[in-house]
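Line by line, the protein sequences are chains A and B.
Counting along the first sequence from 1, when you hit position 278 you're at 278 in this note's numbering, and nothing is skipped either side.
Counting along the second sequence from 1, when you hit position 26 you're at 26 in this note's numbering, and nothing is skipped either side.
Careful: at least some of the hints might be erroneous.
[Stated by the list, open to error] Just some of the chain A residues that point at chain B, by a computed CB distance under 10 angstroms:
#: 1; residue: Met250
#: 2; residue: Tyr304
#: 3; residue: Met344
#: 4; residue: Asp345
#: 5; residue: Lys414
These aren't lab readings, by the way, just hints derived from the structure by calculation.
Glycine residues also receive a C-beta, built at the ideal position from the N, C-alpha and C atoms.
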Amino acid sequence: MQKYSIFSLVKNALTGHQNWDLAWKDPNPKEEYDVVIIGGGGHGLATAYYLAKEHQITKVAIIEKGWIGGGNVGRNTTIIRSNYMHDENGLFSEFGMDLWRKMSQDLNYNVMFSPRGIINLAHSDAQMNAYARRGNSMRLNGIDAVLLNREEVKELIPMADFSDNVRFPIFGGLMQPSAGTARHDAVAWGYARQADSMGVDIIQNCEVTGFDVSAGKIKGIRTSRGNIKAKKVGLCVAGSTNILAEKLNMTLPIETHLLQACVSEPVKPVLDKVVTFGAGHFYISQSDKGEMVMGGDLDGYNSYAQRGNLPTLQHVLTEGIAMMPFLSKLKMLRTWGGIMDMSMDGSPIIDKTHIDGLYLNCGWCYGGFKATPASGWTFAHTIAQDRVHELNAGYSLNRFSTGHLIDEKGLGTKTWIS
Amino acid sequence: MLHIKCPHCGMRSQNEFSYGGDATVKRPELNKEVTDQEWDNFVYNRVSPRGKHLELWQHLSGCRQWIKVERDTATHEIFRTYKANEEIA
Chain A
1 MQKYSIFSLV
11 KNALTGHQNW
21 DLAWKDPNPK
31 EEYDVVIIGG
41 GGHGLATAYY
51 LAKEHQITKV
61 AIIEKGWIGG
71 GNVGRNTTII
81 RSNYMHDENG
91 LFSEFGMDLW
101 RKMSQDLNYN
111 VMFSPRGIIN
121 LAHSDAQMNA
131 YARRGNSMRL
141 NGIDAVLLNR
151 EEVKELIPMA
161 DFSDNVRFPI
171 FGGLMQPSAG
181 TARHDAVAWG
191 YARQADSMGV
201 DIIQNCEVTG
211 FDVSAGKIKG
221 IRTSRGNIKA
231 KKVGLCVAGS
241 TNILAEKLNM
251 TLPIETHLLQ
261 ACVSEPVKPV
271 LDKVVTFGAG
281 HFYISQSDKG
291 EMVMGGDLDG
301 YNSYAQRGNL
311 PTLQHVLTEG
321 IAMMPFLSKL
331 KMLRTWGGIM
341 DMSMDGSPII
351 DKTHIDGLYL
361 NCGWCYGGFK
371 ATPASGWTFA
381 HTIAQDRVHE
391 LNAGYSLNRF
401 STGHLIDEKG
411 LGTKTWIS
Chain B
1 MLHIKCPHCG
11 MRSQNEFSYG
21 GDATVKRPEL
31 NKEVTDQEWD
41 NFVYNRVSPR
51 GKHLELWQHL
61 SGCRQWIKVE
71 RDTATHEIFR
81 TYKANEEIA
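Generate coordinates for the entire structure from the input sequences, incorporating the hints supplied.
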């Protein structure tokens with residue numbers, strides 16, 4: 001594989017950029033693989049990469065219905081954080097933060113990781129108390145957390161509304177300074193390029209139509225490009241999880257919902273943090289191109305349409321304008337939607353299943369992008385060793401029936417219903 | 001925007017409604033032995049189909065009645081709406 005560097009850039013510039021290697025190949029599916037990963041998104045590509053790198057399993061195929069990186073890894077708001085209170089989420093995400101910090105070097109691909117910090121705003125004394133508790137829990141798990149008072153928040157984000165007559169005055173906030181953003185497409189492409197170079201077949205435009213299971217063991221998959229035998233199969237398909245589960249006669253604690261995001265026209269640098277509104281569900285950051293990147297609530301009803309509806313967008317942006325009034329002056333550049341695998345406690349599932357050799361990675365809700373490296377790493381471990389790693393032991397499929405929910409928001413089941 | 005025909009009030013905008021999820025989920029019967037698996041299916045497990053989906057909505061900013069809506073989860077087309085207690089063939 002051609003290494004990307006300043007020297008290769010100069011060399012290729014001098015030859016008119018005609019001689020770059022393909023970043024990854026476009027192979028036909030082979031008859032058999034050791035591991036087949038279904039879903040060529042961030043998590044699937046990362047899983048294949050860590051299978052090859054950490055476990056030396058390279059007879060691997062990624063089966064993708066569309067094109068790699070065309071789903072949620074290219075549709076999110078690129079936020080990376082580990083500001084969780086519960087141990088399962090905190091330790092898992094902080095392990096991921098470490099992988100994020102090393103990712104550009106590790107993949108020889110600039111993912112533009114920008115640890116600019118995230119601020120969750122608080123709008124009441126009670127919320128400040130809750131954030132103090134969460135911040136302390138984070139620090140016990142080795143995650144950086146700083147509780148900010150109103151003046152300190154004002155120093156960092158003076159463009160927010162600090163006037164006296166607002167409905168939700170800013171009391172302060174909880175900041176994780178090491179959180180940030182990254183270029184999401186680069187994450188998918190970086191993992192794809194490295195996985196490909198280690199022998200992984202990335203098979204695009206290939207839809208999975210069924211599974212071959214006999215005597216409780218997975219034997220292979222059926223696809224629009226023929227049958228493929230596989231010793232192990234990993235499902236990594238986010239919002240399409242229920243569709244594949246149905247083909248396996250499995251019913252999962254997951255509903256598929258629609259989440260929208262949007263960007264404004266580009267403006268000069270104004271916001272160098274990720275900020276979330278504490279009296280609703282709205283988050284914002286500014287991209288390197290200057291666009292304000294915003295998102296918030298789900299549309300609220302089951303949906304497989306990767307496009308949204310205006311009432312939700314209006315609701316979300318109303319919160320945005322309440323928090324930062326200058327946003328009302330900006331023109332909207334783009335809006336789009338993606339489909340989320342919403343789990344019943346708001347936390348993900350990375351586990352084995354009742355079918356031998358079939359593994360499940362789903363339920364990422366709002367937080368799939370930041371989990372990409374840790375999800376891939378632990379899923380690769382779970383598949384390769386046929387047992388869960390301690391980092392994803394809490395993300396079990398049976399936790400719903402045993403009552404060991406990871407209810408980060410303290411809202412009970414169906415946390416997205418408003 | 002969705003336009004939902006409330007069987008009590010007529011065609012109204014989505015803004016007046018709130019969503020209540022899958023309408024085919026049945027609570028386990030009372031006075032019977034209920035297995036953990038049955039509770040599990042009732043509380044957590046959902047089919048979440050791509051295509052026709054029968055679901056509950058509440059006409060919150062209207063008559064406040066719960067209704068059933070048959071809607072396509074891929075196209076958002078609404079086929080029919082029913083009163084909550086209406087039998088569906």
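Do the hints match the structure? See the list:
1. Met250: holds, 9 angstroms
2. Tyr304: Where the cut-off is 10 angstroms and the nearest Cβ of chain B is about 4 angstroms from A:Tyr304, the hint holds.
3. Met344: Holds, about 5 angstroms.
4. Asp345: Holds, about 9 angstroms.
5. Lys414: holds, 7 angstroms
The earlier numbered hints are all upheld by this structure, with none contradicted.
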